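*Asks:* As a plain string of letters, each chain reads:
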Amino acid sequence: MSDLTINAPREKDVARAGKFVFWAGIALLVLWVLVPIWFLFVNALSSPAEVTSFPKRFWPSFDLASLQFFWNFQGVTAALWNSVKVAALTMILSIGMGAPAGYALSRFDFPGKEFFRVLVIMTRAFPLPLLALPLAVMFIRTGLDDTILGLALVHTMLALPFAVLITFSLFSGIPVELEEAAWTLGCNRLQAVIKVVLPLALPGIMASAVFAFVISWNEVFAAAVLTIENRTLTAFLLQSLNVSPLPLKFAGGAALVMPALIFIFAVRKYLFAMWGIANR
Amino acid sequence: MAEIVIKNVAKRFGAFTALHSVDLTIADQEFMVLLGASGCGKTTLLRIIAGLETPSQGEVWIGGRRVDHLPPRERGIAMVFQNYAVFPHLTVFENIAFGLRMAKLPQAEVERRVKRTAELMHIEQLLKRYSGELSGGQRQRVAVARALAMEPDVILMDEPLSNLDALLRLEMRAELKGVLAESKTTTIYVTHDQVEAMSLADRISVMNGGYIVQADRPTEVYRNPAARFVGSFIGNPPMNFLPAQAQGAGRWQVAGLDFDGPAAGAAEFAIRPEDLHPAEAGLRAEVRVVEPLGPHVLVTAQVAGQPFRAVLESDHQISPGEILTLAPIPDRIRWFDPETQKAIA
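Chains as they are written, first to last, in the numbering used here: chain F, 263 to 542; chain H, 4 to 348.
Some clues are possibly wrong.
For the chain H half of the interface with chain F, some residues (derived, Cβ under 10 Å), not all of them [what the hints assert, rightly or not]:
#1 R76
#2 I80
#3 A81
#4 V83
#5 V89
#6 M105
#7 A146
#8 L159
#9 Q256
#10 L260
No wet-lab data here; the hints were simulated from the structure. All figures in this text were calculated on a predicted structure; none of them were measured in a lab. Quick reminder that beta carbons are idealized off the backbone N, C-alpha and C, glycines included.
Using the sequences and the hints, build the whole thing.
*Replies:* Written out as structure tokens, the structure reads:
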């Protein structure tokens, strides 16, 4: 009895302290992500004069002069459009190749399967700077240099391992019996995949497509090395970083972050579903 | 007409042999149950008939057509899976209609068949729901309806009731029997549950270690096991076995008692627990455990140092430590060859 009376308040204190640490941790993580984004937007949405002045504002003045300046800056719109094209192509290529590979890995036993899985990851083991020079030489020889397709191919190489591994676990989560049931009901292998497997895997495939898009969108090194005329936005901003004024950097940063954020926000349900679609 | 003939079918997975050269003929409209413990090859055999597994050797014929090289969709079969395999992204209606749409039936016919099978399985009020909104029993009904809607020659069922709770299983069992008898299809039904097998089957194929040990009517399988394994697997509690010493001229001594038995060779004495009754003369059984089961009482005893069970009328007052003399019903005694494990006629 006496033990209880002594322990009860202490346990309460411990629980309270634990709760405090828990919420403090959450607050810290949220701030960690939000503060830089917030400053980016505050500065992007303020007038150039406010951006360069000190102290910084906490609320943006909603002056669009910085963005306007950025938008009208020579080559920005072309670079933005290039980024979209490269990222979209990367998305299509990496899912187009990655999803079938993921399906094969999850459904078939073939010799060298484990080796193949390691090989997929191995493509990420070589640092891009190491590959960039031979790639650039090869691209110039084949005429792929400074093209959307050439850069998309490099980005696909970067995104493919994720596409393969995400779709592999996705397809593995869909019971084989569903496919077998479709076969007994009149489907061939391809029809069963299209009618049964794909609808169930779609959320995850969407998520991994978005992931591929964002990888390409954010990639700067290969883009800077392999393109000259057809720069993507990241390469363009990197190139003009030293010479451009502060408002342009902020506006450019916001323009880079925005699509990625919006895209991921739009498919967040599917991203969560990626872990939620159990064996049903 | 869909007679199924399985000729010399074997299946090897690497060094492991799941099926050893199986021969089996299933008559048109027959209800055949493949019964055995897990790993006996029953599901492998079913999947070979379905076309989901390729046999390492042998032939499968359905309705006079050799099908072992055909994909599942060209075999005229429908299958019900253990975990139901109801498509989660489709409504119950679309699940049942799935095969009909693949067969490109006109919409009116699709609707007619879905409606009819849904009524048959009592799920007409669930047609708009998704599988996530159904209970296990309802999913089971959808899976059966989906198979029936195809109006197949053959329905294959892989432990369809094993994921249901006991009460529901009893209910579905009776319903399945009625529905399948009416549909006039040939049915192959895999289960490890002997009660299910007994109650549903026209014939039972008892499987063990990749062999079909016996394929016969349920009462035959129960009364006249073709092998020691069948006697020890079927029946709850299973058959009792006792060693027997040959006395010559077809006389055998079992636990100190003389019986008429096989003419020659070696033999093992076997009797079902319910084919015993207390009598003046009989096997001397030392009672260990007494379990009242309502109408009967299950007595676990020792006879000649061997475990021995008897199911007796519950009006006998029996207590542990007691010595019973149990007389076997003479025409229920069976003999097995201890060498081959086969029954001696």
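*Asks:* Are there hints from earlier that the structure breaks, and if so, what are their numbers?
*Replies:* Violated: hints 9, 10.
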